[in-house]
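Colleague: Construct the entire structure; sequences and hints are all you get.
In order, the protein sequences belong to chains E and U.
Position 285, counted from 1, in the first sequence is what our numbering calls 285; the numbers after and before it change by one each time, with no gaps.
Position 188, counted from 1, in the second sequence is what our numbering calls 188; the numbers after and before it change by one each time, with no gaps.
Calculated directly from the structure, the hints in this document are not laboratory data.
It does not matter which identical chain is used: a pair holds within one copy or between any two.
Simulated crosslink set (DMTMM-like; lysine to aspartate or glutamate; CA at most 20 Å straight-line):
id, residue 1, residue 2
1, Lys372, Glu408
2, Lys340, Asp40
3, Lys3, Asp40
Number of protein chains: 2
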Amino acid sequence: MGKATDELNPPPRLLMGPGPVEADPRVLRAMSMPLLGQFDPVLTGYMNDVMALYREVLRTGNRWTFLVDGTARAAIEAAMVSILAPGDRVLVPVFGRFGHLLCEIARRCEAEVRVIEAEWGRVFEPERVIAALREHRPALVALVHGDTSTTMAQPLAEIGAACREHDALLYVDATATVGGMDVRVDDWCVDVLSTGLQKCLSGPPGSAPITFNERVEERVLARKHIEQGILPDGFRAAQGPVIRSNYFDLAMLMDYWSEARLNHHTEATSMLYAARECARVLLAEGLEAAHERHRRASRALGAGLRAMGLEIFGDPAHKMPNVTGVLIPDGVNGDAVRAKMLDDFGIEIGTSFGPLAGRIWRIGTMGYVCRKRSVLLCLMALETVLRAQGFRAPPGEAVDAALQAWVEG
Amino acid sequence: MGKATDELNPPPRLLMGPGPVEADPRVLRAMSMPLLGQFDPVLTGYMNDVMALYREVLRTGNRWTFLVDGTARAAIEAAMVSILAPGDRVLVPVFGRFGHLLCEIARRCEAEVRVIEAEWGRVFEPERVIAALREHRPALVALVHGDTSTTMAQPLAEIGAACREHDALLYVDATATVGGMDVRVDDWCVDVLSTGLQKCLSGPPGSAPITFNERVEERVLARKHIEQGILPDGFRAAQGPVIRSNYFDLAMLMDYWSEARLNHHTEATSMLYAARECARVLLAEGLEAAHERHRRASRALGAGLRAMGLEIFGDPAHKMPNVTGVLIPDGVNGDAVRAKMLDDFGIEIGTSFGPLAGRIWRIGTMGYVCRKRSVLLCLMALETVLRAQGFRAPPGEAVDAALQAWVEG
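Modeller: Okay, here's the thing in structure tokens:
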């Protein structure tokens, strides 16, 4: 593997796992730009740009639309810890691994967590969530939009309206879906939503866009405290329970991202550049065009896999277009296939978790990687690797089927 | 300021504030490298490289030496929240703004915080800390090594030995000092120490190296819980109180950075590249050579400022070599000077906080920026700007004095 002091020299890869995927070269270029001081007017201008750009990306008018400086789960925790005080009731409808993560984070906030579960590979009927909402009367419903662990996307519009009606806040983890399929914060009555750059936004992991509305703002401000040493004159702490994290305190992040520019952390300059460029690139293509590209790639990949004699996992009506679960055929060693794909072809496909471990591969078509070339190369390589494992697909049919499906759109 | 959709195009800056400063171009280049999958053997190899490189940078044999994916305060919070359970007693000797931050974070962990304070511009006599240690019997002493708010560096060796003797853990925030002056984790009996990339390590903010020893490991493992959905067979949660953060749970981060490679967050790939390159660049120069460069720049800058008729802030015996406080002369508008420095010369110098607000500028000579050219350009620009403010320094004497001091070393 070389020495720790060797020059950094990552080999070429086609990243078709469930994320992170390859960053758009324009995003990589943005990250190589010189740094600016924390309160340089050009940098604070870029912070304002990021707020404006992500309002458009997330289809929201929310003033509070900014970045949490960490990976996707950092923003999940920022939302939870800023909203939830000990004893607050949370309803988490779980349909995959990342639903369990929401429970886990909520429990660490000492919230009272109520869980309903759907079988992996399915989503919830809205009625079931609404019934649970009536039964448990939670302060917060926390829900994953697209769970890469199962490839499923949960429809949100009816749930959002029901949460509003029952006076529950709705948090949505849209890490896997923003940029790859429709995400409508305001139309769907989502109160707080977060995402990450490393999937359909074509950036690196490490910065997490978040947006929230006045309902969340009010709750957070009721818990606002500011650290000693930077207290503005006349500031009085709120009466609500102190938010248990400094780093993830949305009230302080609001002061940092607003005109107050009250010092909190030092904004991660290069990741801010990356986040800005991710949004610019996506909006230049157009949200609808990007979503259509993901749908087309998903159809082409699916057509190819079926032509190879493989079976697609999960409820087709709710499959995310940006990741596809493939049942590992009997007698085939899933990990050996993945290793060969990486070693011989430089193509990464994903393994899986929990009840699906060893049962499916997950093939991502996300963001910059989501294009015809990726689908075709992946199918040809997979066919070759499977042949060596004794699984004989009709030669060449997968790539031809995918090509045809691509054209038919 | 342009539109949100304009191309990213930061203007050239010489960043001589208290950090962030300019990144080494080799670090910027590393961040523009293509991404790798999260468990790609090349990427996990780079993670191992980072662990090895930072052991050398921090002069420690600690196995647990890795990155927290956030800015410097993220690692402070990771240390605090993973160690401190509610009611644990913490002693914080405060000699500047970042000492207050340690108190603030410890209080959010519901620790019982005891504070001793030193005047801004001075450090603690070790005896005073040791007496407080005897009096308060804390579980943890939390201390800033170099506080940029006052430019002071606290000597640590005697305090570390005393903490060991009194069975208290010692946490040190070395964000501002690593790479700019000697930091010896093992020799000084520091149990857990964290830093950031954006000061003397010549990188961007957004990744925070941390190191801790077996004493901390034992305490953290006694609180170890793992999230549902990725529980390994046979895992049993520890009996200690649950760590209140998922993102900052050092026990889970250990599993992610060890051979277990248990999935936690998705490592921030580009920031990992940056962190690796920061350490490589520093070690290629040599720690001693880098420290000497910072001392030389500090002496030259100080000689220049004094030749200009300005006064250096704080106890000279404990001033950090990488940042210099300068008293703002009577009748001079400090903010107007900083604005002119930035607008006319593209040079950033720092303002200050709390009791020093409006009283001093802070001029950084950190990392990549710490070089003869920076000191000379800054002095000439400052002389010019001050002249327009009515403060007449003897023309040209500052830059000549700095040049001479540089040569004399």
